[in-house]
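**Student:** Line order of the protein sequences matches chains A and B. Going by the numbering used here, the residue at position 29 of the first sequence is 29; the numbering climbs one at a time, nothing skipped. Going by the numbering used here, the residue at position 72 of the second sequence is 72; the numbering climbs one at a time, nothing skipped.
It is worth saying that the hints were derived from the structure and are not from the lab. Glycine included, every Cβ here is placed at the ideal spot set by N, Cα and C. A few of these clues could be false.
Stated by the list, open to error - Distance windows between CB atoms, simulated:
1) 222/A x 198/B: 40 to 46 Å
2) 188/A x 103/B: 55 to 61 Å
3) 137/A x 188/B: 36 to 42 Å
4) 66/B x 195/A: 55 to 61 Å
5) 222/A x 297/B: 33 to 39 Å
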Amino acid sequence: MIINSRFFNRSELIGFVALAALLFVILPLSLDVFRLNLVAKYLTYAFVGIGLVLCWGYGGILSLGQGVFFGLGGYCMAMFLKLEASSPENTKIQSTPGIPDFMDWNQITSLPLFWQPFHSLTLTILAIILVPGLFALIIGTAMFKRRVGGTYFAIITQAVAAILTILIVGQQGYTGGINGMTDLRTLKGWDIRPDHAKVILYFFEVFLLFGCILLAQFIRLTKLGRILVAMREQEDRVRFSGYSVANFKIFAFCMAAIFAAIGGAMFALNVGFMSPSFVGIVPSIEMVIYTAVGGRMSIFGAVWGSLLVNVAKTGLSESFPQLWLFGLGGLFIAVVLAFPNGLSGIWADYVQPRIDRLLAWRKPKPAKAWTDSSVADGAPAE
Amino acid sequence: MLGDYSIGDLGSIFVMQGFAGLILFSVYVLMALGLAIIFGQMGVINMAHGEFMILGAYVTWLTSSAFQHYLPALFPGYFFLAMVLAFIASGALGMLVEWGLIRHLYKRPLDTLLATWGLSLILQQTYRSVFGAREVGVELPQWMLGSKQITDTIEVPINGIFVMCLTVLITVAVAWIMYKSRWGRQVRAVVQNRIMAGAVGINTEKVDRYTFGLGCGIAGVAGSAFTMIGSTGPTSGQLYIVDTFLVVVFGGAASLLGTIASAFSISQTQSTLEFFMSGSMAKVLTLLAIVGILMLRPQGLFALKVRK
Numbered sequence: 001m002i003i004n005s006r007f008f009n010r011s012e013l014i015g016f017v018a019l020a021a022l023l024f025v026i027l028p029l030s031l032d033v034f035r036l037n038l039v040a041k042y043l044t045y046a047f048v049g050i051g052l053v054l055c056w057g058y059g060g061i062l063s064l065g066q067g068v069f070f071g072l073g074g075y076c077m078a079m080f081l082k083l084e085a086s087s088p089e090n091t092k093i094q095s096t097p098g099i100p101d102f103m104d105w106n107q108i109t110s111l112p113l114f115w116q117p118f119h120s121l122t123l124t125i126l127a128i129i130l131v132p133g134l135f136a137l138i139i140g141t142a143m144f145k146r147r148v149g150g151t152y153f154a155i156i157t158q159a160v161a162a163i164l165t166i167l168i169v170g171q172q173g174y175t176g177g178i179n180g181m182t183d184l185r186t187l188k189g190w191d192i193r194p195d196h197a198k199v200i201l202y203f204f205e206v207f208l209l210f211g212c213i214l215l216a217q218f219i220r221l222t223k224l225g226r227i228l229v230a231m232r233e234q235e236d237r238v239r240f241s242g243y244s245v246a247n248f249k250i251f252a253f254c255m256a257a258i259f260a261a262i263g264g265a266m267f268a269l270n271v272g273f274m275s276p277s278f279v280g281i282v283p284s285i286e287m288v289i290y291t292a293v294g295g296r297m298s299i300f301g302a303v304w305g306s307l308l309v310n311v312a313k314t315g316l317s318e319s320f321p322q323l324w325l326f327g328l329g330g331l332f333i334a335v336v337l338a339f340p341n342g343l344s345g346i347w348a349d350y351v352q353p354r355i356d357r358l359l360a361w362r363k364p365k366p367a368k369a370w371t372d373s374s375v376a377d378g379a380p381a382e
Numbered sequence: 001m002l003g004d005y006s007i008g009d010l011g012s013i014f015v016m017q018g019f020a021g022l023i024l025f026s027v028y029v030l031m032a033l034g035l036a037i038i039f040g041q042m043g044v045i046n047m048a049h050g051e052f053m054i055l056g057a058y059v060t061w062l063t064s065s066a067f068q069h070y071l072p073a074l075f076p077g078y079f080f081l082a083m084v085l086a087f088i089a090s091g092a093l094g095m096l097v098e099w100g101l102i103r104h105l106y107k108r109p110l111d112t113l114l115a116t117w118g119l120s121l122i123l124q125q126t127y128r129s130v131f132g133a134r135e136v137g138v139e140l141p142q143w144m145l146g147s148k149q150i151t152d153t154i155e156v157p158i159n160g161i162f163v164m165c166l167t168v169l170i171t172v173a174v175a176w177i178m179y180k181s182r183w184g185r186q187v188r189a190v191v192q193n194r195i196m197a198g199a200v201g202i203n204t205e206k207v208d209r210y211t212f213g214l215g216c217g218i219a220g221v222a223g224s225a226f227t228m229i230g231s232t233g234p235t236s237g238q239l240y241i242v243d244t245f246l247v248v249v250f251g252g253a254a255s256l257l258g259t260i261a262s263a264f265s266i267s268q269t270q271s272t273l274e275f276f277m278s279g280s281m282a283k284v285l286t287l288l289a290i291v292g293i294l295m296l297r298p299q300g301l302f303a304l305k306v307r308k
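The following block holds chain A by itself, in its conformation from the complex (with noise of 0.2 Å):
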């Protein structure tokens, strides 16, 4: 295989102007503030499609449990805006004031010595990255050591996805339970409902989401990207020529789960509230298959699939309530058994080589081809 040197070849370039221009001028101008917030609220999925890309596309590792560590950034964020909003002030008809309302409805009287640490900006943002990072070590470490993967591993990530629902849900007092943590009002006294500070969110969403994708195709063109893709199709020869194959699979779960983790907090932020109904184990497989809708293999592909996923189950929920739910689970069906790379994979397959086509049409040199990796990578996972 030849390893690319330059960081975007050519088809890959023009994706990343494409989701550039999209999301940086072309709905920011189009869209009112309604929409854009809820574009900002599909985007925070996309931070989990492309910790999906390289831990289920490029590692092999189908992860079923993302929802938690989306959850666990989530909660993260909001314990914060929570510990904010409710200061003595805001709280002094509550008998205990200064802790969050929910926590007064249930007869608790002092702050949790678990909540303390996130009175500070600075230690919610590391909790933001540590908590779900180190979660998913253990977790990986746990199994992946012992050689579970494939079917049991997914398996066990939704038993811990429904673990920690259940477990939300029933610490109302702690966690809010099932309403979750609403009523979310200032960042470091800085309103975050008003509308010029969802479009400002909304751009720190966008310039996160850019980093992130800058990130994994970092990783993903490093050798280590390689060696997960090796991994993925010849465990046992990996294995064989002297990689620890578990570290590798560990890097890709916990890294997965950073990027699902700044996606929570974002959605946090973005959305105002966070609640168990993003946690466990339904939001958890719909994130796999925006996944699987955009292209498991293609890191923009997490992007646009979480996008228009989330478009259409917008406005077919508005309009055919009833029609949403057989969309969705056709859609399941249909990426699976008719289309394994999802859009990317039939952007490659019928749209690229047309526009090459065209290109070499006008120039009479021939198109050096677009190959290298989408080539490569167009193969099947399994």
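With chain A fixed as given, assemble chain B onto it according to the hints.
**Tutor:** For chain B alone, kept in the frame of chain A given last:
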């Protein structure tokens, strides 16, 4: 916490909690039996398993309504016909699904998972459109109501006893089919070595289809039994699917005995814990224990020693 109860009371509580656990155990076993065949033997992750179970429950509900309207005299015995119908309906749907979907995906187990999840969404919405979003409950015949007084402080519900007897019968039947019948031998042969099984003249595709159908049919019977102790809604199946997978994985995927042992230990742990703490915490602790044990012993309780 225990100080308020006398020793005798505590004994009764444990017996009755244990019995509640046995009913849960029956449901787990019935659901996990089908899954143990599909996942344990064939290696297919069927996320729509819960929906096949719910199909059986709805068939039972339809049968009971039909008997109430047209054959009230035979109503006490409707359940036996309903169970057969549930088996046929779920089994037929299972074979159809195998033919249309699963057989294309045998080499891609993770993709099967996604496709069957899609199938489960479609089935859920179908149930919602056809039967309505509200939960339905069947009317139990007179002889199944009430409870049996064993001692002064211990009483057990009759429908629970019935479900347990049913479970034992079905388990024995499945064990016989899988380990004694000619067909079961073919199934195990295909699982162990598909190419060799084909070479000695077994129609592997047909075996696959009937195996999947049998697993789904048993899920239908499980759903039928489920109506005896709870009501049925379009999403009831989803509540049990993760538990059921854990039961099968915890038991060791290819072992029928393991499935039963793990269903027993999980259900007893959960129902005993439920007495001491809230239901959700009992569930969390049980699941955590399972996940923890699986991390230490990924092959499950009863693993076959095979060379991979």
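**Student:** Decide, hint by hint, whether the structure agrees.
**Tutor:** Cross-check of the supplied hints:
no.: 1; hint: 222/A x 198/B: 40 to 46 Å; in the structure: 44 Å, holds
no.: 2; hint: 188/A x 103/B: 55 to 61 Å; in the structure: 57 Å, holds
no.: 3; hint: 137/A x 188/B: 36 to 42 Å; in the structure: 40 Å, holds
no.: 4; hint: 66/B x 195/A: 55 to 61 Å; in the structure: 58 Å, holds
no.: 5; hint: 222/A x 297/B: 33 to 39 Å; in the structure: 35 Å, holds
Comparing the model with each earlier hint shows no violations; every hint is respected.
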